[in-house]
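Undergrad: Take a look at the letters that make up each chain.
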Amino acid sequence: MISKLLENLKLIWKVLNRPSVHYSLGFLTLGGFVAGVIFWGGFNTALEVTNQEQFCIGCHEMENNVYEELKTTIHFTNRSGVRATCPDCHVPHNWTDKIARKMQASKEVWGKVFGTINTREKFEAKRRHLAENEWNRLKANDSLECRNCHNFDYMDFTRQSKRASQMHSTSLASGEKTCIDCHKGIAHQLPDMAGVEGF
Amino acid sequence: MKAGKILSMIALLGFSFSLMAASVPEEKIATLRLAPIEVEPTPPAMQKVINSDVKQVRNYPMQPPVIPHRIDGYQIDLKVNKCMQCHARNSTGHSQAPMVSVTHYMDRENNFLASLSPRRYYCTQCHVSQLDAKILVENDFVDVKELMKHSSTTEH
Numbered sequence: 001m002i003s004k005l006l007e008n009l010k011l012i013w014k015v016l017n018r019p020s021v022h023y024s025l026g027f028l029t030l031g032g033f034v035a036g037v038i039f040w041g042g043f044n045t046a047l048e049v050t051n052q053e054q055f056c057i058g059c060h061e062m063e064n065n066v067y068e069e070l071k072t073t074i075h076f077t078n079r080s081g082v083r084a085t086c087p088d089c090h091v092p093h094n095w096t097d098k099i100a101r102k103m104q105a106s107k108e109v110w111g112k113v114f115g116t117i118n119t120r121e122k123f124e125a126k127r128r129h130l131a132e133n134e135w136n137r138l139k140a141n142d143s144l145e146c147r148n149c150h151n152f153d154y155m156d157f158t159r160q161s162k163r164a165s166q167m168h169s170t171s172l173a174s175g176e177k178t179c180i181d182c183h184k185g186i187a188h189q190l191p192d193m194a195g196v197e198g199f
Numbered sequence: 001m002k003a004g005k006i007l008s009m010i011a012l013l014g015f016s017f018s019l020m021a022a023s024v025p026e027e028k029i030a031t032l033r034l035a036p037i038e039v040e041p042t043p044p045a046m047q048k049v050i051n052s053d054v055k056q057v058r059n060y061p062m063q064p065p066v067i068p069h070r071i072d073g074y075q076i077d078l079k080v081n082k083c084m085q086c087h088a089r090n091s092t093g094h095s096q097a098p099m100v101s102v103t104h105y106m107d108r109e110n111n112f113l114a115s116l117s118p119r120r121y122y123c124t125q126c127h128v129s130q131l132d133a134k135i136l137v138e139n140d141f142v143d144v145k146e147l148m149k150h151s152s153t154t155e156h
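Just so you know, the protein sequences line up as chains A and B, in that order. Just so we're aligned, residue 1 is where the first sequence starts under full-length UniProt numbering, counting upward by one. Just so we're aligned, residue 1 is where the second sequence starts under full-length UniProt numbering, counting upward by one.
There could be a bad hint or two in this list.
Here are the simulated lysine to aspartate or glutamate pairs, EDC-like style, with alpha carbons at most 20 Å apart [what the hints assert, rightly or not]: (1) LYS162(A) <-> ASP53(B); (2) LYS162(A) <-> ASP72(B); (3) LYS82(B) <-> ASP192(A); (4) LYS82(B) <-> ASP153(A); (5) LYS48(B) <-> GLU26(B).
Covered stretches of chain A, going by a simulated chain B footprint (3 or more residues, C-beta under 8 Å) [what the hints assert, rightly or not]: (6) 69 to 79; (7) 151 to 165; (8) 177 to 189.
With beta-carbon atoms standing in for the labels, derived distance ranges [stated by the list, open to error]: (9) THR96(A) <-> ARG89(B): 54 to 62 Å; (10) ALA46(A) <-> ARG89(B): 46 to 54 Å; (11) ALA173(A) <-> PHE112(B): 32 to 40 Å; (12) HIS60(A) <-> VAL66(B): 36 to 44 Å.
No wet-lab data here; the hints were simulated from the structure. For each residue, glycine too, the CB sits at the ideal point set by N, CA and C.
Chain A extracted, bound-state conformation (with noise of 0.2 Å):
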């Protein structure tokens, strides 16, 4: 019984460790370009998948918490029907950037095996420590989820209030702040805020 299995996995092993005797070149070259498009697409699908609000909300933490609070703001529901779903902000557009968030978000992956923040006292507790999280994301990046939409090249200072275009044309236009700085707490509550700058 294990000589056999043996056996079967010694074979195994010379087809894999000298392919091109067993196999033609071109089967091989054909086969492993029709495999890489499968893997490739496949993984590319997959990360898809974790990049939809359904899976976000999937987790109840996400739903009763973050989720509810976007309801009630701007990013969710407005008078033109455009809307920003959770990747939207929280995961970058760009591939190499996007992969880097992935691995972090294996952190994540932990938190909700372990609970961490699984009661509505939990996630207030870390609240801070997540914003945090974000913020600095958003500050090191320059808010650049917020300019996949919002693109400072395009804001017509016209159609803004007073005090919307007078932040806007001179903090902003000339790099010295960044969306974060201001517009903390648009999208969810905020956490205490006490020594925050700015606050």
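Using the hints provided, position chain B relative to the given structure of chain A.
TA: Using the frame of chain A, we list chain B on its own:
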């Protein structure tokens, strides 16, 4: 026994009739619900909030100034006061917004505090934004300046 019962019934009836007579006729009852109780009427369109950023004149010196901009989604709770992001003393430099009155930094013994007094913390308790709406009832408020002008012309 039976007579007593009947008498009390009559007395009760008479009392309730007199109550009905004294009550306000139905057409005079002011109501905001302009539809029968079992009907859900279409609510009126939401009014636009004035967002001009132009300071509005106070109607009397002690009036809390009204907010000349939208405050949708401004969080004011134990964790954070969104208004203070612009209106706090140390924020007015970059925001150029009016600083909250100095009284808001005083406790009830008139001691000055470093930050907002808890009794003045909830901005929207006194300060409200304004709607660009037609007034529902006539407003006969007269500015005290007008009143004084009026009285001085009648007395002298």
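Undergrad: Now tell me, hint by hint, if it's right for this structure.
TA: Structure-based check of each hint:
1. LYS162(A) <-> ASP53(B): This hinted pair holds, its Cα atoms lying about 7 Å apart.
2. LYS162(A) <-> ASP72(B): holds (17 Å)
3. LYS82(B) <-> ASP192(A): Holds: LYS82(B) and ASP192(A) sit about 11 Å apart, inside 20 Å.
4. LYS82(B) <-> ASP153(A): Violated, at about 28 Å.
5. LYS48(B) <-> GLU26(B): violated (34 Å)
6. 69 to 79: holds (count 3)
7. 151 to 165: holds (count 3)
8. 177 to 189: holds (count 4)
9. THR96(A) <-> ARG89(B): 54 to 62 Å: violated (44 Å)
10. ALA46(A) <-> ARG89(B): 46 to 54 Å: For ARG89(B) against ALA46(A), whose Cβ atoms are near 53 Å apart, the range 46 to 54 Å holds.
11. ALA173(A) <-> PHE112(B): 32 to 40 Å: Given range 32 to 40 Å: holds, Cβ gap about 37 Å.
12. HIS60(A) <-> VAL66(B): 36 to 44 Å: Given a distance of about 42 Å, which is inside 36 to 44 Å, the answer is holds.
In this structure, the earlier hints numbered 4, 5 and 9 are contradicted, and the remaining ones agree with it.
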